[in-house]
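Protein chains in written order, with this note's numbering: chain A, 1 to 260; chain B, 1001 to 1260; chain C, 2001 to 2260.
Hints in this document: simulated from the structure, not taken from any laboratory. Bear in mind the structure is a predicted one, so any value in this text is a computation, not a measurement. Positions of the beta carbon are idealized from the N, C-alpha and C atoms, including for glycine. Keep in mind that the hints are not guaranteed to be accurate.
Quick list of in silico lysine-lysine cross-link-like pairs, DSSO-like style, CA-CA up to 30 Å [what the hints assert, rightly or not]:
#, chain 1, residue 1, chain 2, residue 2
1, C, K2258, B, K1187
2, C, K2187, A, K98
3, A, K187, B, K1098
4, A, K258, C, K2187
5, A, K187, B, K1187
6, B, K1187, C, K2187
Below, a sample of chain A positions facing chain B; criterion: calculated Cβ distance under 8 Å [what the hints assert, rightly or not]:
#, residue
7, A36
8, V37
9, N40
10, D80
11, G235
Listed next, the stretches of chain B that the computed footprint assigns to chain C, with coverage defined by at least 3 CB atoms under 8 Å from CB atoms of chain C [stated by the list, open to error]:
#, stretch
12, 1037-1048
13, 1077-1088
14, 1104-1117
15, 1188-1195
16, 1227-1237
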Amino acid sequence: MRSPDEFSPRALASAAADILQQLRARGPRVHCITNAVAQNFTANVLLALGCVPSMTLSAGEIGDFVAHSDALLVNLGTFDRERREATEIAVDTARRGKVPWVLDPVFVDRSAPRAGFARVLIGRGPHVLRLNRAEFSALADSAATPDALVAYAGDKNLTVGLSGETDWVADGERFATIANGHALMAKVTAMGCAGSALVAAALAVEPDTWSATAAALIIVGVAGEVAAARAAGPGSFAVAIVDALYNLDGPTLIAHAKVT
Amino acid sequence: MRSPDEFSPRALASAAADILQQLRARGPRVHCITNAVAQNFTANVLLALGCVPSMTLSAGEIGDFVAHSDALLVNLGTFDRERREATEIAVDTARRGKVPWVLDPVFVDRSAPRAGFARVLIGRGPHVLRLNRAEFSALADSAATPDALVAYAGDKNLTVGLSGETDWVADGERFATIANGHALMAKVTAMGCAGSALVAAALAVEPDTWSATAAALIIVGVAGEVAAARAAGPGSFAVAIVDALYNLDGPTLIAHAKVT
Amino acid sequence: MRSPDEFSPRALASAAADILQQLRARGPRVHCITNAVAQNFTANVLLALGCVPSMTLSAGEIGDFVAHSDALLVNLGTFDRERREATEIAVDTARRGKVPWVLDPVFVDRSAPRAGFARVLIGRGPHVLRLNRAEFSALADSAATPDALVAYAGDKNLTVGLSGETDWVADGERFATIANGHALMAKVTAMGCAGSALVAAALAVEPDTWSATAAALIIVGVAGEVAAARAAGPGSFAVAIVDALYNLDGPTLIAHAKVT
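Please put together the full structure from these sequences, using the hints given.
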């Protein structure tokens, strides 16, 4: 059993530093079913951290790609037949091969068909559900409060990583608040999607899904702060955050992490 | 009835400054059916100006997205079955809900099937047709002259926004020339497509389509000039124009606008 | 018959400088069937060098686009039905119209269906096969050695352009090693894909496929070195290499080319 100290803010920052190092050392393969807008940026974010992204959606080959991957992302941002079929195969393969996977139910608050599909997928056991406040409310039929997150995570047996002005990470027992990040992150498309890919990457090297999710959100948030200091607007910010992820080191992470 | 002064160059520059401010204050939702190359850049341009972009093409949900949007862009740059079906639903929904919409008939000069589809769409009443010289000639069976633009716009009951070394904006009665912009804009893919998305955004906050179109082209053109002053080539220019749109203010717009 | 001097390292660097100039002077049309991740970056790389990219995949129009293009790229990075059908039409059209074409068999080492499709395409006579070490081994059933490249190129009657820490270019008789480039190139998605598009562009202005391929790889590699000197990480590197391609000149190419 884990010691209480492992759940401390300091321990989560250390876990983030450790995961950062492991990503670079091990270069995990992360397969991403993601939306058309996010594909390029997501691939570059993963590459910047030493991961090997793949993005195929083809029914004839996605099983093989997922079977040989270390983590899987399913992002619903482009909700077409091809991706729905790819998701069925990918999730089956991930379950059989014990490949950890993350669901990012983009815009379920604006589309009933997506919400329905997301609910089916949640029943199939994603390790992490990464979403924003409006999306959580749509799926949980409840306002996004810390208690609601913990209850939902416990009921569904997964970790919830909720992004917003502050990020919240909950499993059925633990809850952390991460106050890193910068307002410019909301002005760059696919920033949340890339963050979800980073959560998937963290799952590839850290079996504790709650710690992995928190660590990934700390990494993105601190990189966002570093990038904002160099940016003149959202254009240069989107470039600078990739540089920041590439150059990030453990001491910077630990010094900047704002976890409670 | 509008006063003559409203059609003056100075009035258009003021309208652009006003629209810029309204976009940031109101954050309109702009749904974009656009090509695969342009999706990411278009989303980032809209976000930089405070808009909320969405890009779904899925037949099962696009109606809902458009019904709750403040403007619609239909860009033919990727001419696949999915987008054609999405366009049918989106245009029907826009017409029923009085959502203003822009047609960008990319490459109709190089593809007869696109030109045919564009003609059908023009018959369904887009508020604005945003295109370049070659595309206009292909659709209007006429060289792109100021008189031809005004005649075509009057005949089709829409506003024509034509981009080129200088931009022309015509409805059936009014004609403006905008001499803003920079040569690097032609060296970045999807710049015109993003400009069309910005025209759609302007329609969301300004009911006079001619003024809205001119204002959007002034905004893009001035941002291009600001960006060019900071750029070392088309790569850094594409980044800098997003920053410039984010940082643009009314006095800069009015000082730089070159409208006749 | 060509003089031995034409095959010298110095001659290849001069050929690269000449091709760079011709691309800008002639602005060839390059049609790209490429993967969703690479489309935007590829278009911007081609535009930076003065080319006119097009990317349609639509069966109803791709024949016309290819027939009026000066070169064709077929990249298998997104392996969907639409692109496979587009490829059939495009390759037929290219063969009939003597449009030179390049095959980039992305990830054939990780997908048997792709490897099968790539083998069929190789039988249809691409001018150049542009790939990495793992992909070559998967297709040639052989380790990637200089002798294996020359033998394979001779057998298939094409030029092989193999990218890696050093690039190798072989036809059935000639072999060159290019030691340009920078480690950051492997940290930006679609860099290899854009390189393949540049090989296609070079074929549009230089009929000797071996020289054209080597020249394109020299151009990309030298631009990568110039960009790395200005970059703080892979984000700014991806921007800087587009600027570098735009600003590259013959003397810089000749001074930096590392050909043996």
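Hints, one by one, checked against the model:
no., hint, result
1, K2258/C x K1187/B, "holds (29 Å)"
2, K2187/C x K98/A, "holds (28 Å)"
3, K187/A x K1098/B, "holds (28 Å)"
4, K258/A x K2187/C, "holds (29 Å)"
5, K187/A x K1187/B, "holds (24 Å)"
6, K1187/B x K2187/C, "holds (24 Å)"
7, A36, "holds (5 Å)"
8, V37, "holds (5 Å)"
9, N40, "holds (6 Å)"
10, D80, "holds (6 Å)"
11, G235, "holds (3 Å)"
12, 1037-1048, "holds (count 4)"
13, 1077-1088, "holds (count 3)"
14, 1104-1117, "holds (count 6)"
15, 1188-1195, "holds (count 3)"
16, 1227-1237, "holds (count 6)"
Comparing the model with each numbered hint stated earlier shows that all of them hold.
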